[in-house]
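Chains A and B supply the protein sequences, listed in that same order.
Using this note's numbering, you'd call the opening residue of the first sequence number 1 and step up by one each time.
Using this note's numbering, you'd call the opening residue of the second sequence number 1001 and step up by one each time.
Don't take every hint at face value.
Claimed, not checked - Each computed EDC-like pair below joins lysine to aspartate or glutamate, with the alpha-carbon atoms no more than 20 Å apart:
{"id": "1", "chain 1": "A", "residue 1": "LYS122", "chain 2": "B", "residue 2": "GLU1198"}
{"id": "2", "chain 1": "B", "residue 1": "LYS1100", "chain 2": "A", "residue 2": "ASP285"}
{"id": "3", "chain 1": "B", "residue 1": "LYS1102", "chain 2": "A", "residue 2": "ASP124"}
{"id": "4", "chain 1": "B", "residue 1": "LYS1178", "chain 2": "B", "residue 2": "GLU1198"}
{"id": "5", "chain 1": "B", "residue 1": "LYS1095", "chain 2": "B", "residue 2": "ASP1196"}
Treat the hints as calculated values from the structure; they're not laboratory data.
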Amino acid sequence: MKQLKLPKLLIFALIFYSAIQILYGTEILNGYILHIINQSLIYVILAVSLNLINGITGQFSLGHMGFAGVGAYVSGTISTLVFKINPSSPNGMLIFIFAIIVGGLAAAVVGFLIGFPSLRLKGDYLAIVTLGFGEIIRTVFNNIDYVGGPRGLLGIPKFSNFTTIIVAAFITLVVIRNLVESSHGRAMLAVRENELAAELVGVNTTRYKVMAFVIGAFFAGIAGGLFAHLLQMAHPTQFGFIKSVEVLIMIYAGGVGSITGSTIAAFALTFLSEGLRIGIRAIADATGLPIGGEWRMVVYSLLLIFIMLFKTEGLMGTKEAKLIRLKEVQ
Amino acid sequence: MGAIFNAQQIVNGLQVGSIYALIALGYTMVYGIVRLINFAHGDFYMLGAYAAYGAFFAFNALFVGKTGLMAFVVLIASMAAGGVIALLANRLAYKPLRYKPKLSSLITAIGVSMFLEYFLSALPAVGPSYRSFPDILPRVNINLGNAVISNYVIIDIVIAAVLMVGLTLLIKKTTLGKAMRAVSQDKDAARLMGIDIEKVIAFTFLIGGSFAGAAGLLAGMTYPRIVPYMGIQPGLKAFIAAVLGGIGNIPGAVLGAYIMGLAETFASAYNSLIGEGIAFAILIIVLLVRPRGLLGEKIADKI
């Protein structure tokens, strides 16, 4: 650990940040593109944290957006209903950061509660439990009147902006990268490669699976909180199964186990998704055919099937860009 | 409590359980043979309902008034749709990944499931909104003391029972059934004995899919509206039923499905939110207390 490569990633992040700020300031980038970049960065947090569970530790979670939902609702409740802050209120930013972190912690607690019973077991149980969890959490939000029930939690102050989101994404990348390179991360990789062998050499597999799951849920909660304060609302349908699958596609397209891959894929697929939305509407308008937004998801599902059939390892495999790596691999 | 545990609720629970059982059987058979949670299984159920819907109108446009024949044709159409699409999904999406890591097929199954749902919603002929399912047979209500039973309830339970008895005979008495049991016990040994594994797997998908298709028809008749996303919830619950009974165990799936149907009906009568969540609660309890399920056998890891 003598050569920390942190500055490289920091420098890259700063260059990226200033470049976008300058482009936006000179009106080369409009607000719409900046909004998509913000969304992409939130998806980076979601994809990288899901990659810790699915890619690095080899478990299979299908309810990642459910944790984002917990984070969104908890942080939205704190900022909107408890403290009633808005961007001009004194200490608003501090309360916002507090709300986001509490949202992440709440997601982590929920992650522990559902992860513990299912991660004790080998096999695909986590997939079903997390799938069920995603559905349950939506029903719960739908039925709590305090947070708006089926209307959703509205009027959340807009605190998420390019600066706050990129800081959060940067912290996520650094924390998860460092975790993967630590001895804990090595134990998680061992669980992925061969759970039985890992257990035989003394790795407490349940502990590491639960640890990866809880940390992943925490960052998903953070991402959810940022989403809520970006879109200024939290709605039960934003956090359903299909949304979780969108994040899943990102990590498999990018390469399971590669943080770099997840990051690139989060950007590429968020832009592709917007492109498809615009493209499909343009085709529908031009031809007058009844072509709906469902085709976007048809493309997405075929993409998932084709990645699995023809390029299972994804874009990057398990490789990382030099920027992300902590130390050179011997 | 009398309002919850009465004859009416028991009959309703058995009806729901019959539909779950038909779906859970396919899940458990496929899992028993290829160790794959086939997420698209709930969509075979949905396809069965849509095929029955199409067959009903097609038949009535051609012939009028032959209700008995029509009901039979509709049942065959729903089973054929579920079975053929299951067969195609196996051939095109799952077979190429058979010897790849297990997660690959699981993710592909999610892709297949999403594709079926969104492709049907995107097709202008089907569309994403609810359609009301026609009454295939006239509805008759039978009064039995303090319970009212519709003939549809009896049809659901009887069709499910007949199919399940047929499946039991198939598995216990025929050579193909013997091959299925052999493959689920030990794939490699079965191959060495000259069993064509792929044929057995394909046949399992065909049976499982057709049962899910039949369940789709029964559900369409019972709750008379259908939508491309109708398979998600029952699919999930039937899977939980299969886990409850012991995944891979055929009688277990049926037992789990009936327990699940009854539990859900009772819980819904008490409170609709608890009714929604009961399946999930059952799953968590099973995983904590008896992960191999009620009838499942404990399998040790081979080193």
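Going straight from one Cα to the other, do B/LYS1100 and A/ASP285 come out at no more than 20 Å? violated (43 Å)
Tell me if the straight-line CA distance from A/LYS122 to B/GLU1198 falls inside 20 Å. violated (26 Å)
Given hint A/ASP124 paired with B/LYS1102 - CA-CA distance at most 20 Å: holds (9 Å)
Take a quick look at whether B/LYS1178 and B/GLU1198 sit within 20 Å of each other, Cα to Cα. Between B/LYS1178 and B/GLU1198 the Cα gap is close to 15 Å, so the pair holds against 20 Å.
For the pair supplied as a hint, B/LYS1095 and B/ASP1196, is the alpha-carbon distance within the 20 Å limit? Distance ~14 Å between B/LYS1095 and B/ASP1196 Cα, so the pair holds.
Checked against the numbered hints given earlier, the structure breaks hints 1, 2 and satisfies all the rest.
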